[in-house]
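Novice: Protein chains in written order, with our numbering: chain A, 1 to 364; chain B, 1 to 313.
Worth flagging that the hints you see were computed from the coordinates, not collected in a lab.
Where hints are given, some of them may not hold.
[As the list claims (entries may be wrong)] DEER-style ranges, computed between Cβ atoms: (1) GLY162/A - PHE218/B: 26 to 36 Å; (2) VAL112/B - GLY162/A: 46 to 56 Å; (3) THR216/B - ASP28/A: 39 to 49 Å; (4) PHE136/B - GLY162/A: 19 to 29 Å; (5) PHE218/B - ALA15/A: 25 to 35 Å; (6) ILE183/A - THR216/B: 26 to 36 Å; (7) ALA17/B - LEU302/A: 55 to 65 Å; (8) ALA158/B - GLY162/A: 48 to 58 Å; (9) ILE183/A - MET153/B: 50 to 60 Å; (10) GLY104/A - LYS14/B: 39 to 49 Å.
[Stated by the list, open to error] Calculated from the model, a selection of chain A residues having no Cβ within reach of chain B, i.e. all distances over 10 Å: (11) ARG93; (12) VAL126; (13) GLN219; (14) GLN269; (15) ARG293; (16) VAL338.
In this text, a Cβ means the ideal position worked out from N, Cα and C, and glycines have one as well.
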Amino acid sequence: MAEIVVSDLRKEFGAFTAVQGSSFTVRDGEFFMLLGPSGCGKTTTLRMIAGLELPTSGTIAIDGEDVSQRPARQRDIAFVFQMFALYPHMNVRRNIAYPLVSQGMSRSDVAARVAEVAGVLRIEGVLDSPVGGLSGGDRQRVALARAIVRRPKAFMMDEPLGALDSEFREEMAEELRALHDRIGATTVYVTHDQLEAMQMGDKIVVMNHGVIEQFGAPQDIYDHPATLFVADFIGSPPMNLLRFEGAVAPGDAVARLGGASVALPALRQGARGALALGARPEHVRLGDDGPLRGRIEATEYLGTTQIVTVETGFGRLRARLPAAAQATPGEHVGVGFVAETLSLFDAETGRALRTAANEAAHHG
Amino acid sequence: MSAHSVTEPSPGRKRVAAALVVAYALITLLPLMWIFATGFKSPPDSIAYPPKIAFEPTLEGYVNLFTTRTRVTPEQLQALPPPDGLAETIVRNRDMVIAGPSKFGERFMNSVIIGFGSTFLSIFLGTLAAYAFSRFRIPLSDDLLFFILSTRMMPPIAVAIPIFLMYRTLGLSDTHLGMILLYTAVNISLAVWLLKGFIDEIPREYEEAALIDGYTRFQAFVKVVLPQAATGIASTAIFCLIFAWNEYAFAVLLTSGTAQTAPPFIPTIIGVGGQDWPAVAAGATLFLLPVLVFTVLLRKHLLRGITFGAVRK
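Pulled out of the complex, with its shape left as it was, chain A reads as follows:
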């Protein structure tokens, strides 16, 4: 297995820069997520690691060896495509055996390996079927089998669940994670689905417009978004952002939104001008003692919880409350927050200010 180090990776297609100056490290055995909206450069990054695109500049090292300019076949990695890319003119068995055949492995060894991975993925029953007639899930398993049969250094997966029906996706996601834990292979996984990324990943890189916005464990990214983009992209509903004009200094533990004082984790950095206060919906409290005032616009019942939309002087925000909590549209309420969970952003640069809470999460 392998550690993948990506440094200052850049890719230009003509005048268009798909990826600019990405750096991150995928540790050995990690399930690593590249997350972002479509066109953010995540797939291009993955394809560069795999060797399907060559970087314009920057390096990719697998196990300490610089492979940036090597063709895919010399990198010893496997790739699972979104549309599976099973060879349509071969049956399942030949599809799985194909990577081994290229290495000139003996027939009996190939047969043994194919049987082994077919067992792992529970596809023994379809080995001699043409790939055309398989169900989506079986195709997915065949594609995975073809990837793991060679025992490569690392796996690249490009939205492998994207082509599956939603009910089935959940099941495959669990299967995939279980498979990863069992074989412990370094995996780089591209997705635009933040839930998938949070659910499966050990580490997440959030990309936007070819730039890495944040790199960290799912919980750090959720709790302490480094930029306004991440705050808005991660979470459903996303983080509430209350925009205001003001000034804060290092050491402050309150922000002044107009006349109201909102308690925050102690700031390590000051800023002035356009600021934004970030609060996750589950950290919003409605009650008379809140520093802000608002009017309930709507409620959305979700079973165990409800989402309550409140209009405040600093914009609209959503609160996640227990389903049993009383909230009537039209009612005026006080709005408060769980102080230690709040983030403060400089709205000019889009970056979160360093605080006592996020220091650990934001390295550099």
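Position chain B relative to chain A; hints supplied.
Specialist: Chain B in isolation, oriented as in the chain A frame:
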């Protein structure tokens, strides 16, 4: 209603449709049937008026096609040993003896060599070019593709004189190589454009999967792209073959002996010993066969949707 649902036509409409198809088939097949029948008529039957539908079939046309004959006097005929074989018998009934084989066999082989040779070359070069245009970022690729297409925009015969002079200087006149190159040059634009369309339809992920699985770009092309392009290659090959096989004008202009193909040869039969329509018809019938066989052989590929269901779109 799904997009694919089609209303089942009523039995009456189906019958009308079937009748139309049969009528159309008869109209297009009638000339072919006429040629086929004429090949088995005797020369008098072939020019009988009104035309004979029922006639006594004879192989005279085929014998005349493949032989040259000399007229002999009845006395000389009497002096000959008994005829040896069917062909000799047929010929002697017309007071003639077989003098030797005609050039038809040779000309037919020339057609085979030149037709299949240029088809192979067009497909070979066309597939490589189409793959490159389809997959790689080529500078000015749009202009190059247009240039390739533009070679098809004027009738090839418009440049007959320059080609004639060029071929004479280069020593390519009346050579197999010359004709293969010429037909390839005419066909290649069609081949590149058709094949590019087919290769564009094949998702890149297949080759990329092969590249990851340890194959070189060329191996991926041969083992993954070609099998999936088989349908397109087969239909393109049929188009190329039909053009090269039927081409008449350049064949008349540039070939006369060693490399002459069957199309310019068949009409020359008319001049030998009267208007021998059965021999001409026999030649035309035989000339049709290779393309027919080729098309029937490749039909399987034309119909088989081999990529069906392998990709989820």
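Novice: If you check each hint against the structure, which ones fail?
Specialist: 3, 10
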